[in-house]
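Chemist: Make the full structure from the sequences, and use the hints.
Throughout, this note's numbering is defined as the position within the sequence shown, counted from one, plus 60.
Don't read these hints as lab results, they were simulated from the structure.
Heads up, a few of these hints could be off.
Computed list of lysine-lysine pairs in DSS-like fashion (alpha-carbon distance at most 25 Å, straight line) [as the list claims (entries may be wrong)]:
| id | residue 1 | residue 2 |
| --- | --- | --- |
| 1 | 246 | 166 |
| 2 | 277 | 454 |
| 3 | 111 | 163 |
| 4 | 277 | 246 |
| 5 | 111 | 169 |
Pair by pair, the computed Cβ-Cβ distance ranges are [what the hints assert, rightly or not]:
| id | residue 1 | residue 2 | range |
| --- | --- | --- | --- |
| 6 | 130 | 457 | 38 to 44 Å |
| 7 | 268 | 370 | 39 to 45 Å |
| 8 | 145 | 590 | 58 to 64 Å |
| 9 | 457 | 626 | 33 to 39 Å |
| 10 | 130 | 490 | 46 to 52 Å |
| 11 | 674 | 627 | 16 to 22 Å |
Nothing here was measured: the structure is a model prediction, and the numbers come from that model.
We treat Cβ as the ideally placed atom computed from N, Cα and C, and that holds for glycine.
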Amino acid sequence: MSADAGKVPPENRQNSAIVPQSRIYRVGSVTVDPSRASVDRGGESVVLRRKTLQVLLVLLERSGGFVSREDLIAEVWDGRAVSDDVLTRCVAELRNAFGDDPKDPKVVKTFPKLGYGLVAPVEIVAPRVVPAPVEPAVTGALSPATQRRWPWMAAVALCVVVAGFFLSRLTRTPPGVVWEEDAWWKLDDGSGTAVRDSSGKGLGGAVAGGAVWVSGKPRGGLRFNGLDSIATGRTGSSLPSGSAPRTISGWIQVAVPLVFAGNIFEYGSDFHGRTVKHFGLGIGPDGRMRFGSSAAGAEMEGTGRWDDGSWHLVTATYEGPPAHTARIFVDGQLDKAQNLTATPDTDTRFPWRIGQAGFGGAAFRGTIADVRVYGRALDEAQVNALYRCSADLKDAGVYYYLPVAQPPGHYGLVLEQRGPGDLSTPFRNGLNDYAGIQLARSDGSCGIAGLRGADVGQDLRISVDVLAPAAGPDRNTVAGPYFRSRKAGAGDGLIGGKSAGYWVQLHSTGMVKVKLLNPQAVIAFSVPPAGFDPAIFHHLDVEARGEILQVWLDGQAVSFDSGGRQLERVPIPPAWNGPAIRGENQGAAGVAFGAEEYRLIGGERARNLQVTPLPPPQ
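Modeler: If you want it as structure tokens, here you go:
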């Protein structure tokens, strides 16, 4: 028997009026209590190992469908390399606990070559709630005020239970992942014939032909004449070869009028008596972007035209086999995505080329700057952050936005156009999942490893207008600022790899909740004001100073229930729980969106975000 067998997984607890233990599920005729890691069947109780329980929770979340083996491993084992036998063992233990026959499954079904799924009906019975007062309890009957508060206390319990599992999945970063450029030609050398590689991989090159260094705003670069100009150098082993995943990115300013197709970046073998194994990014004669390997039949064409004489950041990603999904982004926004119909095969023994193809054709006419290559496909949040940083876009005061809190494949954040009266860039949740932004500042280079949240500080005031729509009874959303978090990279979870900080949520009922993010718990909540309208924007002011938090809703101080006490000043520690991590700040902040009922709503919005650092209390 495993050392973990029979043990109840440890549970984080936080003093508050209530501490939810778990939801209780009924799967077919069997009861599942995650807080006890137990499956109760006909009077018999089986305690699950931690990993087996986590597999079950993922299957419960997606009941009625299937979850691939890859997704289960990514969710439960954080993408670490584990053998198929490890997952198979967990599934076998689940079937044994449910009394399920794998040859005639009624609960856990194997979908051949796809994954696993729950086929039994799943329903939520109820949350289990226990009291946990902040101070020693006072004996005696409940006061009328406390009796009136109890429905809201139960509602808060349900909110925490629903959000807890999903937020725990949103606050992880893949272990051991180092994001860095595999090649980076800034093309800001300004003079001479040498081209530096700023990635440190030693892939510098030289300028030939009629290429000319240019300077100016918004950026300088290398101007190509569309005839014989080129920058080229040795490829080496650091660039992705064969059909490996990759990203190619570069700023371009196409000379008007567009005369012919132009190569932005390409590497691999050419047409000179060799089997053509090249891969690149360029612009077609119609002004649309092209990405891939035309010789291999593995190329895609974008949809928009970008030959308007303006500067644009073009970023293209290729995910590799088996789907061969490729995407073209322009100025941080998706232009087109498709699966390549053939497999590219890139030969890295031959030079890289900027401004011209290997056979001497496709000569680019215009200016190119800041060309980068990555040995992985950047996700949409990272592409967007790369654009906003390198374009020096200020979204709120001195800060720009990093999209965060998107589960893989669910990029929900939409940045809107800033209007004349807007104090910051407005943004909204375009899907029905958790989403949000983190405030960031550039370190000057905009290297991918440096695209992380700014240290705004422990003491600050955040003001923002938020919209948290409702979609019917018990189908509510939340929106509001979070702070005192660890910095996260673009596309990371709400607060990066380690839970931290506080989240002040405006509920679509008008309730304001203060949530601690590690351990997850509601530490204070308010009674909704009469006549609250979830269909309009409401103004939130949040001020954290020292060990005190205060919140104002539409200009009125919010009175909270915290541990059965009514107060306008919520006690909070000046730093988040847990030891400091070298290189991580404790003052990241932003705005996050969420839904209280299965993440099925979306539509939250925020505008007029202002952040003011405050001096610490004397």
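Chemist: Does each hint fit the structure? Answer for all of them.
Modeler: Quick rundown of the hints versus the structure:
no.	hint	in the structure
1	246 to 166	violated (59 Å)
2	277 to 454	holds (16 Å)
3	111 to 163	holds (24 Å)
4	277 to 246	holds (15 Å)
5	111 to 169	holds (18 Å)
6	130 to 457: 38 to 44 Å	holds (41 Å)
7	268 to 370: 39 to 45 Å	violated (27 Å)
8	145 to 590: 58 to 64 Å	holds (59 Å)
9	457 to 626: 33 to 39 Å	holds (35 Å)
10	130 to 490: 46 to 52 Å	violated (26 Å)
11	674 to 627: 16 to 22 Å	holds (20 Å)
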